[in-house]
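Engineer: Listed here are the chains, written in short residue letters.
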Amino acid sequence: MAVATDDNSKFADYAHPERLVSTDWLAGQLNDGAVNTGNLVVLESDEDVLLYDTGHIPGAVKIDWHLDLNDAVTRDYVNGERFAQVLGGRGIGRDTTVVIYGDKSNWWAAYAMWVFTLFGHEDVRLLDGGRAKWVAEEREITREVPVQTAVDYPVVERNDAPIRAFKDDVLAHIGPLVDVRSPGEFSGELLHMPDYPQEGAMRGGHIPGARSVPWARAAAEDSTFKSRSDLEAIYLTEQGLSPSDDVVAYCRIGERSSHTWFVLTHLLGFDKVRNYDGSWTEWGNAVRVPIEVGAK
Amino acid sequence: MRSGCPSRSAPSDQHQVTNDKVTNDKVPLPAALTEIAEDFLALSARDRLTLLLDFSDGLPELPERYVGHAELLERVDECQSPLFLVVEVEPARDAKSSQDATVHLFFQAPQEAPTTRGFAGILYEGLDGLSVAEVLAVPDDAPYRFGLAEAVSPLRLRGMVAMLSRIKRQVRVRSAA
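These protein sequences, in sequence, are chains A and B.
The opening residue of the first sequence carries number 2 in my numbering; numbering runs sequentially from there.
The opening residue of the second sequence carries number 119 in my numbering; numbering runs sequentially from there.
If you're looking for bench data, these hints aren't it; they were derived computationally from the structure.
Treat the hints with care, since some could be wrong.
Said to hold, decoys possible - What the simulated footprint calls covered on chain B by chain A, stretch by stretch (three residues with Cβ under 8 angstroms from a Cβ of chain A suffice, anywhere in the stretch; the number is not a length):
id, region
1, 160-172
2, 219-231
3, 271-281
Cβ coordinates follow ideal geometry from the N, Cα and C atoms, glycine included.
Hey, can you work out the whole structure from these sequences and the hints?
Structural biologist: This is the structure we're talking about:
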């Protein structure tokens with residue numbers, strides 16, 4: 002690891018404490034001039050493509066889930082060449098510590114981290130509490146965009162299998178399925194998130210056998226992750242999941258389920274959690290796949 | 119409000135101007151929207167975002183008479199973040215037809231939704247003060263003529279399409295009375 006981890010006592014309880022940093026830790030790194038030295042790069046990943054531009058953490062660089070991480074033509078993630086351009090152009094080398102933060106309790110930050118993981122970037126961390134916590138603490142925000150010196154990032158082939166599930170994998174899946182959407186989407190009353198645009202699903206409901214655990218249950222009021230014991234109460238005690246289970250999580254396009262993927266994998270230490278990024282916008286449009294409706 | 123944007127003075131990318139969708143054979147945009155579209159198309163995708171942010175920053179506040187009156191505003195569900203809008207139609211004094219009445223637009227969207235605010239700002243600056251007939255003549259594909267698909271992705275532009283269609287619907291309803 003290029004940069005020492007945050008020894009915050011809350012994080013010490015998690016399975017992989019090195020995956021989180023606190024706002025205090027990041028403020029300290031900024032103070033020490035550690036950001037953008039080649040060892041540490043901070044990325045902001047938001048739903049709104051302009052939010053970064055309205056003001057961001059000093060030294061942070063924007064990464065957009067849609068424009069930078071999704072392929073422009075095929076419904077897929079970028080390839081190794083493009084990923085190398087996106088990261089290298091932001092001053093990120095293969096050994097650089099990357100801290101990602103964003104809006105909406107770090108949905109899009111977790112999504113970016115998940116894509117980085119497809120490419121095996123080793124040291125990626127989330128800022129606990131994301132953009133909202135930094136702003137709420139009245140820490141410095143700037144519109145000044147740092148000028149990054151491009152570095153060489155190797156062209157790495159994406160390795161989807163360990164953490165990404167496709168429709169056929171889900172059809173054949175025997176382990177637990179976790180539907181992280183809102184209750185209305187799960188039951189089939191809504192074809193999209195409440196307050197969100199219709200994103201085109203022909204059918205409502207959920208994948209048969211899936212359990213409904215809305216992603217936001219893992220987030221506290223201040224956008225931070227809940228404590229390990231609170232998370233265990235939800236996923237282990239209430240839902241009966243076990244860290245050795247083969248779990249697939251899904252939502253609408255795989256963004257909210259990235260948040261749950263992070264929680265199960267890095268905070269609770271599950272061995273095998275895959276994100277089904279096709280999610281409801283694929284399943285709810287696919288011909289002759291089984292669907293269940295109702296809150297169950 | 120946009121005078122502070124240094125990047126919009128000189129067209130930097132000539133071929134985009136040649137491909138200018140504003141001047142082709144489609145239904146034309148009203149003059150103010152045409153000017154805004156030309157400003158956007160003269161810029162690189164990155165600078166278009168900066169200009170969109172200027173529109174977001176410049177979106178006027180909701181007037182006092184609407185504050186706290188959510189029931190008077192129409193919610194645009196298609197936007198990524200909640201946006202509310204209301205249209206007023208002010209009859210012209212010597213008007214022979216309701217088509218000559220003047221349209222005024224009012225929007226409310228949170229600061230955390232700058233893209234949505236930017237779309238509203240474009241429509242405000244391009245349409246506010248036009249006549250009913252002029253607003254109703256705005257082509258439904260207008261949101262695609264600012265070169266924003268490359269800058270923010272076509273997916274996100276759907277919010278602006280919905281805003282325009284709801285504005286036109288309100289104008290139709292309010293000018294029919």
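Engineer: All hints are to be evaluated individually against the structure, with a verdict given for each.
Structural biologist: Now for the hints, and whether the structure bears them out:
1. Only residues whose beta carbon comes within less than 8 angstroms of a beta carbon in chain A count, and the region 160-172 of chain B has 4; three or more means the coverage holds.
2. Residues of the region 219-231 of chain B lying with their CB closer than 8 angstroms to a CB of chain A number 3, which satisfies the three-residue condition for coverage.
3. Using a Cβ-Cβ cut-off of 8 angstroms, 6 residues of the region 271-281 of chain B lie near chain A, which meets the minimum of three, so the contact claim holds.
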